[in-house]
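Engineer: Work the whole structure out from these sequences, hints included.
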Amino acid sequence: MEEEVGESLATPAVELVDIWKRFPGVVANAGAHLRVRGGTVHAVLGENGAGKSTLVNVLSGVYRPDEGEVRLGGMPYRFRTPADALAAGIGMVHQEFRLVPSFTVAENVVLGAAKRVLRRGDLEERVGELGRRFGLATEPDRPVWQLSMGERQRVEILKALWRDARILILDEPTAVLTPAEAEELGEVLRHMADDGRSVIFISHKLHEVTGFCDEATVLRGGETVAASLPVAETDAATLAGLMVGATPLTNERPPSRTPGEVRLGVSGLRALGDRGLEAVGGVDLEVRSGEIVGIAGVAGNGQRELAQVVAGLRPATSGTVTLDGADMTGAPPRARFAAGLAYIPEDRLGVGLAPRLSVVENSVLRTYRGQRRGPFLSGSRMAAHCRDLVERFGVRTGPLGDPIAGLSGGNLQRLLVGRELSGRPSVVVAAQPTRGLDVQGVKAIQNLLVAERDAGTAVLLISEDLDELLTIADRLLVLHDGSIAGEFDPASAERHAIGEAMVGQAPETAP
Amino acid sequence: MRRPALVRRERPLRGGQPLAFAVGLVVALAVGYVLLVMAGHEPMRVYQRMWEKSLSDSDAWSLTLNRAVPLGLAGLAVAVAGSMGLWNIGAEGQILAGAMGAAWVARIGETWSGPVLITAMLAAAFLAGGALALVPAVARARIGVNEIITTLMLNEIALRLVQWLIHGPWKDPESHNFPLTPMLPDQAKLPTLFGRAHWGVVIAGAVILVFAVAASRTGWGYELRVAGSSAETARYAGISLKRKILTVLLLSGAVAGLAGGVELSGTADRLTEGISNGFGYAGIIVAALALLRPSGVAFVALLFGAVQVGGQSIQIIGVSASVSTILQAFILFGAIGAGVLSRYEVRLVAGRAGAEEGAAA
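Protein chains in written order, with the numbering used here: chain A, 225 to 735; chain B, 301 to 661.
Calculated from the structure, these hints are not laboratory results.
One should not assume that every hint holds.
[To be verified] Here chain A is said to cover these stretches of chain B; the calculated rule only asks that three of the stretch's residues, wherever they fall, bring their Cβ under 8 Å from a Cβ of chain A:
1) 517 to 527
2) 536 to 547
[Stated by the list, open to error] Distance ranges between label pairs, derived from CB positions:
3) B/W520 with A/H415: 27 to 33 Å
4) B/R309 with A/D419: 47 to 53 Å
5) A/R558 with B/V510: 24 to 30 Å
6) A/P403 with B/R309: 56 to 62 Å
7) A/R322 with B/R442: 49 to 55 Å
8) B/L461 with A/A608: 42 to 48 Å
9) B/V334 with A/S604: 36 to 42 Å
10) B/N446 with A/D388: 34 to 40 Å
11) A/D498 with B/L461: 38 to 44 Å
12) A/G505 with B/A423: 55 to 61 Å
Backbone N, C-alpha and C define an ideal beta-carbon position, used for all residues, glycine too.
Structural biologist: Next up, the structure:
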């Protein structure tokens, strides 16, 4: 390092160089780079699974990279724990807040970082002062349980500032905020950058990136596809294109068939998300017999909630859901299954499958009521049903009496999909059915869905993998901010047009 | 630098729990040995006497079985709730409630024949235990109030109720102002089976068997396991969680209440505030050691019964009965520790140190 003192302005505050991080079965970072200058707000963009979280977790000391180097101000660092990273001035605000609800704002801010005993009054005074300096309005004496999500996030940011973080990482900070709160957050981040700190802002909402970030780095498939683009010289469409990529379709599309009558009807559907904000805001769609309707969208735009409302696991605030013409809006999950609705939930283990139960027990989750002899369940019939599923759907498993949690992701999914399809459904709702699977597993699940369509079933496929949707969907709807932002023909649609609709940049296109 | 760390095994050791249990027993006996030496006793003589008085002959077995009855029923009560992820810490109070219910029937049914009276007493005990669990059950099912707190607090209330009854309305006029209820009529006592063992042994065994079969072989038990494994999966499968929580907590309380009724009718002569003797709390340990399985509860209850009976027998030779309580505690510690080792293994891993290359680099 021969650099002069005068060069220090050009030395980036943070450099991640050629970071590789592999997890069993998946390469999360494949030579990713990130350079963040001091005094800037830097966006890290990418679709789900692009490796954003892994990359910042390497920076914050949660993961150790397999290869590559972390440099702060030009010096190489090796963090073993998040505490090491914090000591080096790196603060992280996670999506899930880590606050003690019964403690006050001030107590939460200094928790674990008070070097000596402080008087309550002094403490509140100093926390309040810190907040004012950065435009973070707080009431230091309020207990955290009384605060809104936006206020809690400010407490998390104050925690990092109290520990004098020079580099602040925010993981999708606006996901829990109302639009007004997101605006305020932008101003706070600006304040911090003006103070000479670096802010790393993970997001996939492009208008925020163009609104208050200085530079942007785009990741795709674990690699950096665009590094430190000056936001002022680019636009949302360019960024969207970089995020979704422009790889031409090489996959053979299975031939479509002519769709039949409407099986699943959704009309004017609205529903709240977990935080009580509207997540589904007036969705209309139809799925006909013999077609796969794909739902594309960046994570967190209402896909999960839409699937749950259709499956009966989340109440609709208005609108209707019909199965084969019959109104099912208020029907419990069991009635919908009986009416022919199969549901492959996003969370395999924990919703679709019970982790501590055996393979056999999980295989009869939908049908155990039919496996009874008097009050008793017939062990032999359950086992026979399970063996049948395991064989037909190629599930690789140990003893069928072992807990299902020991199966690999692909085999869990084969069992789950097999169980749902074995009931001869007329409608299948599949939420992220291939997420996290290896290539073989992905292909197997996709083939099952296509075969199901060819047998005349109506399939609603929600996926964050645009390639998957373009390959097997017959129609493609884009969900943005809880409503349909466009409809496309997967055989002819332009990828960048879909990408723009996904990030809310395109006007509604008529089919 | 390398340091030892616990690493999760790919799959738990087969037969890990019985093994863990045996390890717990050995640990407890070893710790007890040291404590007895420190207290100036001869450990082997003490252990030998505990063995003789609890398990060596049919007379000893009859005492151990009697003691295992309330422990087993209380353990079952905790295990039934636990299999759904609920913690009934209120078995102690529910036992008292059951004893009160049975004692009340014995008062009003003095003239009834034995079988009718005993059946009515046990039914009342069952219902009374369930009644005490009603408030925690409804509060948990409807508005999600933590059942650990509510069931625990009701223990105190049940105890005060018993005290009020035996100092007040139910006090024996001929007791010379001692807080005692009258003795139970003879026909209110459970007949003996052999030695000093009473029919409660059969009742408890049958109840445990019914629950063991229900838990492992019926749709009801299946739904319980699904709900205990993942509440979201239960909702997905269309299992009503509210109803399950309600029935399971009520049943749990009722089974504990039954323990109180059996204890009153089988062992005690009258209602006293000490009738439960901590069985409800010991039941939590029994259930935990049995991994919340009814069949395991029967076995652990027998062992704890033996330890408790043995512990009482050594008082005569001048050793505190607390020895048995200490042994029970160390069986739990040892078994939990060994249980961890059946799921984890000790490995040497790279040590944790601070950042090696820091700003000074």
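Engineer: If a hint holds in the structure, say so; if it does not, say that too.
Structural biologist: Okay, the hints, checked on the actual structure:
With 7 residues bearing a CB less than 8 Å from a CB of chain A, the stretch 517 to 527 of chain B meets the requirement of three and the coverage assertion stands. Only residues whose beta carbon comes within less than 8 Å of a beta carbon in chain A count, and the stretch 536 to 547 of chain B has 3; three or more means the coverage holds. Checking the proposed 27 to 33 Å range against B/W520 and A/H415 shows it is violated: the Cβ atoms sit about 60 Å from each other. Roughly 50 Å separates the CB atoms of B/R309 and A/D419, a value that falls within the hinted 47 to 53 Å.
Between A/R558 and B/V510 the CB atoms are about 27 Å apart, so this pair conforms to the stated range of 24 to 30 Å. Checked against the hint of 56 to 62 Å, the C-beta distance between A/P403 and B/R309 comes to roughly 49 Å, which is inconsistent with it. In this structure the supplied range 49 to 55 Å is violated for A/R322 paired with B/R442, their Cβ-Cβ distance being about 30 Å. Distance hint check for B/L461 and A/A608: the Cβ-Cβ separation is about 53 Å, which falls outside the suggested range of 42 to 48 Å.
At roughly 53 Å, the beta-carbon separation of B/V334 and A/S604 lies outside the given 36 to 42 Å, and the hint is violated. In this structure the supplied range 34 to 40 Å holds for B/N446 paired with A/D388, their Cβ-Cβ distance being about 39 Å. Against the hinted window of 38 to 44 Å, the Cβ-Cβ separation of A/D498 and B/L461 comes to about 43 Å, which satisfies the hint. A hinted range of 55 to 61 Å for the beta carbons of A/G505 and B/A423 is consistent with their spacing of about 56 Å.
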